[in-house]
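Engineer: Spelled out, the chains give:
There are 2 protein chains.
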Amino acid sequence: MRIDNLQYANWSEKIFRQMREGGVDAVHVTIAYHENFRETVLNLEQWNRWFEQYPDLIMKGQWASDVGLAKETGRTAIFFGFQNPSPIEDDIGLVEIVHTLGVRFMQLTYNNQSLLATGCYEAEDTGITRMGKQVIGEMNRVGLVVDMSHSADRSTIEAADISQRPIAITHANPHDWSPALRNKKDDVIRAVTQNGGMLGFSIYPHHLKGKSDCTLDSFCEMIARTADKFGTQNLGIGSDLCQDQPDRVVEWMRVGRWSKEMDFGEGSAAAPGFPPMPSWFRDNRDFDTLEAGLRKVGMAPQEVAGIMGDNWHRFYAEGFRPM
Amino acid sequence: MRIDNLQYANWSEKIFRQMREGGVDAVHVTIAYHENFRETVLNLEQWNRWFEQYPDLIMKGQWASDVGLAKETGRTAIFFGFQNPSPIEDDIGLVEIVHTLGVRFMQLTYNNQSLLATGCYEAEDTGITRMGKQVIGEMNRVGLVVDMSHSADRSTIEAADISQRPIAITHANPHDWSPALRNKKDDVIRAVTQNGGMLGFSIYPHHLKGKSDCTLDSFCEMIARTADKFGTQNLGIGSDLCQDQPDRVVEWMRVGRWSKEMDFGEGSAAAPGFPPMPSWFRDNRDFDTLEAGLRKVGMAPQEVAGIMGDNWHRFYAEGFRPM
Chain A
1072 MRIDNLQYAN
1082 WSEKIFRQMR
1092 EGGVDAVHVT
1102 IAYHENFRET
1112 VLNLEQWNRW
1122 FEQYPDLIMK
1132 GQWASDVGLA
1142 KETGRTAIFF
1152 GFQNPSPIED
1162 DIGLVEIVHT
1172 LGVRFMQLTY
1182 NNQSLLATGC
1192 YEAEDTGITR
1202 MGKQVIGEMN
1212 RVGLVVDMSH
1222 SADRSTIEAA
1232 DISQRPIAIT
1242 HANPHDWSPA
1252 LRNKKDDVIR
1262 AVTQNGGMLG
1272 FSIYPHHLKG
1282 KSDCTLDSFC
1292 EMIARTADKF
1302 GTQNLGIGSD
1312 LCQDQPDRVV
1322 EWMRVGRWSK
1332 EMDFGEGSAA
1342 APGFPPMPSW
1352 FRDNRDFDTL
1362 EAGLRKVGMA
1372 PQEVAGIMGD
1382 NWHRFYAEGF
1392 RPM
Chain B
1072 MRIDNLQYAN
1082 WSEKIFRQMR
1092 EGGVDAVHVT
1102 IAYHENFRET
1112 VLNLEQWNRW
1122 FEQYPDLIMK
1132 GQWASDVGLA
1142 KETGRTAIFF
1152 GFQNPSPIED
1162 DIGLVEIVHT
1172 LGVRFMQLTY
1182 NNQSLLATGC
1192 YEAEDTGITR
1202 MGKQVIGEMN
1212 RVGLVVDMSH
1222 SADRSTIEAA
1232 DISQRPIAIT
1242 HANPHDWSPA
1252 LRNKKDDVIR
1262 AVTQNGGMLG
1272 FSIYPHHLKG
1282 KSDCTLDSFC
1292 EMIARTADKF
1302 GTQNLGIGSD
1312 LCQDQPDRVV
1322 EWMRVGRWSK
1332 EMDFGEGSAA
1342 APGFPPMPSW
1352 FRDNRDFDTL
1362 EAGLRKVGMA
1372 PQEVAGIMGD
1382 NWHRFYAEGF
1392 RPM
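Chains as they are written, first to last, in the working numbering: chain A, 1072 to 1394; chain B, 1072 to 1394.
Be aware that one or more of the hints could be misleading.
Identical copies carry no separate label here, and so any pair may be met within one copy or between two of them.
Computed cross-link-like contacts, SDA-like style, restricted to lysine to any residue with a CA-CA straight-line distance of at most 20 angstroms [unchecked claim]:
| no. | residue 1 | residue 2 |
| --- | --- | --- |
| 1 | K1204 | R1328 |
| 2 | K1331 | E1143 |
| 3 | K1085 | G1145 |
Calculated from the structure, these hints are not laboratory results.
Using the sequences and the hints, build the whole thing.
Structural biologist: This is the structure:
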C-alpha cells in the first residue's frame, strides 16, 4: 500500500490524475483549518461533488479496507482530517457526528491554544484542558484519531498518556535533524510511538534541513536514523503537500480569524508565501523517487514498504473503528 | 444611581417590576454562557421583544447616559454582557459587531480554558493566549469591557496589565473573607483596581462566608474592609442574582456542551441546584436593605452611594465608548 497521510492541495482533476500516476492508494486530506462545523460541512459537500465527478480517480475512504478497495480498482481513497478542533466548536457531541461523516483525524490544536490543548506557537503549555480530557475520551470511543502535529510538547505527551488508543503526529520531522518549531523532540516522538502511535515525515520545506534545498539523501538518512531510534513500524509519510495553493491560503492557515495583524508563522515578512518544494518531491508523481531514496540509504524492502504506507494501513485498521 | 452589575434571572414582568420597586436604575445582565454568535443573537432578539413589551419598565442601556435617562423616566436600563467569549467564536471581527449590538462586558473565560485565557477551574494557568492579546486590544479599541470574574489568577493579572483600559471583576468577593475558588485573592484584586478597574461584590451564596446563612453585617463589614484596603471608588455590586431559574439552567452554565459527564462546579452531587439566597437579599426589592447595611457598618453616605451604583456609573462613562 502507498499512503500519504497528509496533504492539503488546491484539489483538481490534474492532482487526482497525478495521484494515480504516483501509485498513491490513499491520502489523508485536511478539510478544516479554522472552519466551524457548518463551514466544515460545506467542505465535505465539495468533496462529495468531487467523488461524484471523478469516480474513476478517487473514492471516499472510511476504513482500512477502503485502501485495499481503492488499490484493486485503480483509485485513490481520500480520508478526511482536521488540523484544528474548530469544527467541533465547544460541543463534545460533534465528535461522533464528524466521525459518522467520515472524519478520521483531528488535531487538538493548530499552533494556538484551543479549548482542548496548547499549540506549538504559544509561549507556555499547560497540557490538556478539562474539555480536552473529555474530548480525547470521546474520540477514543468513536474512532477519531488524536493528531498532535501542531501542538506543544507537554500537550502532546499528555495526550499520548491520556488517550486509550494510539495517537499520531501526522506531519513533522525530528527536531534534532531540523530544529523548526514544528518539528518534534525525541521525548515527544517517544511518547507517541511507544504507545503504538505514528509519526508521519513531512516534506514541507520549513520542516526540512536546508528547507527547499534539502537533498533526498539527507531526508532518507534522517528517516533511517529515526527508524533506528524508535522502530520502523511507527513511521510513515505525511508529506504536507500544499500543491497549487495561492498564498492567500497560507495566510488563512496562519491567521484564520483570530488576529487583525498578519502572523507569518514559519515564514517571514520577506517570504510570506508557500516555499518551493524540493526538486525530488514536486508532487504525487514523485513517490517512486522517494521509495528509491529509502532503499538507497540501506533500508530493507519490508521497512521501506512499511514507511511508504503499510504502517499507516495497519494504523488505520486499529484506529478508525468505534471501541 | 443604583446599579447592579450582574444578574442572570429567568426574566419576567414580575422581575422587571421588582427592579422598579427596588429603585434599580441599571442592571448588567448576562446574555451568554456558552452560546455561539448566532445563538447569542437569538438572545438579543428576545431582549428586543421585552423592550417592546415593557417600555414603561425597562430600556436598552448602551451608554452611561442611559442610566440617567432610565432614572428620569422611571425605568431600569439593561446593559448586556457575556460570561464567556463563546459568542465571538474564533473571530476577532465579532468583537466590534457585538459592541455595535450593545454588548458592554465580556468575560475572557468561563471556568474552563478558552481561546483567550485560562478559567478558574483549570489545574494550571498560562495567562493570556496569542489570540487573547489580540482580542483585548480590539476590546479596548471598541469599548467592550474585559471581565475576569471566572478567570484564573495569572490570567486576570495579565489581562489587567495588557489592557489599555480598566477591566472588571463584575461578580466575586475577596478570597480571604470566603475562600471559594471563584473569589479573588488580594494580588488579583489589586491588579484590577490599581489600574482603575472595578470589583463587583457577589451575593451568590457560594461566594459568601457561611453561604446562604451569611449575615448582612458580615457582608457589609467585608465591603468596608475591602474599601479600606483597595479604595472605595473601585467597588460596586454585581449580585449574581439568578432569580427564578430552574436547576437545568445551572447545569447548562456548568457543563454547556463541553462534557458528557456532569460537573457540579461550586455545588455538589448532594446539592446540585441553585442555592437559596440569604434572607436579606431575596431579589431586586432588597437594595434598600443592603444600602442600610452599608451605612450601619459606618461607611460614609458618599462611599455608600459609590458602592450602590455611582462607581459603576463612572466606570460605564469611561469604559463603553470607542477609543
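Engineer: Please go over all the hints and tell whether each is borne out by the structure.
Structural biologist: Tested hints:
no.	hint	in the structure
1	K1204 to R1328	between (26 angstroms within a copy, 14 angstroms between copies)
2	K1331 to E1143	neither (49 angstroms within a copy, 41 angstroms between copies)
3	K1085 to G1145	within (16 angstroms within a copy, 71 angstroms between copies)
Comparing the model with each earlier hint shows a violation of hint 2 alone; every other hint is respected.
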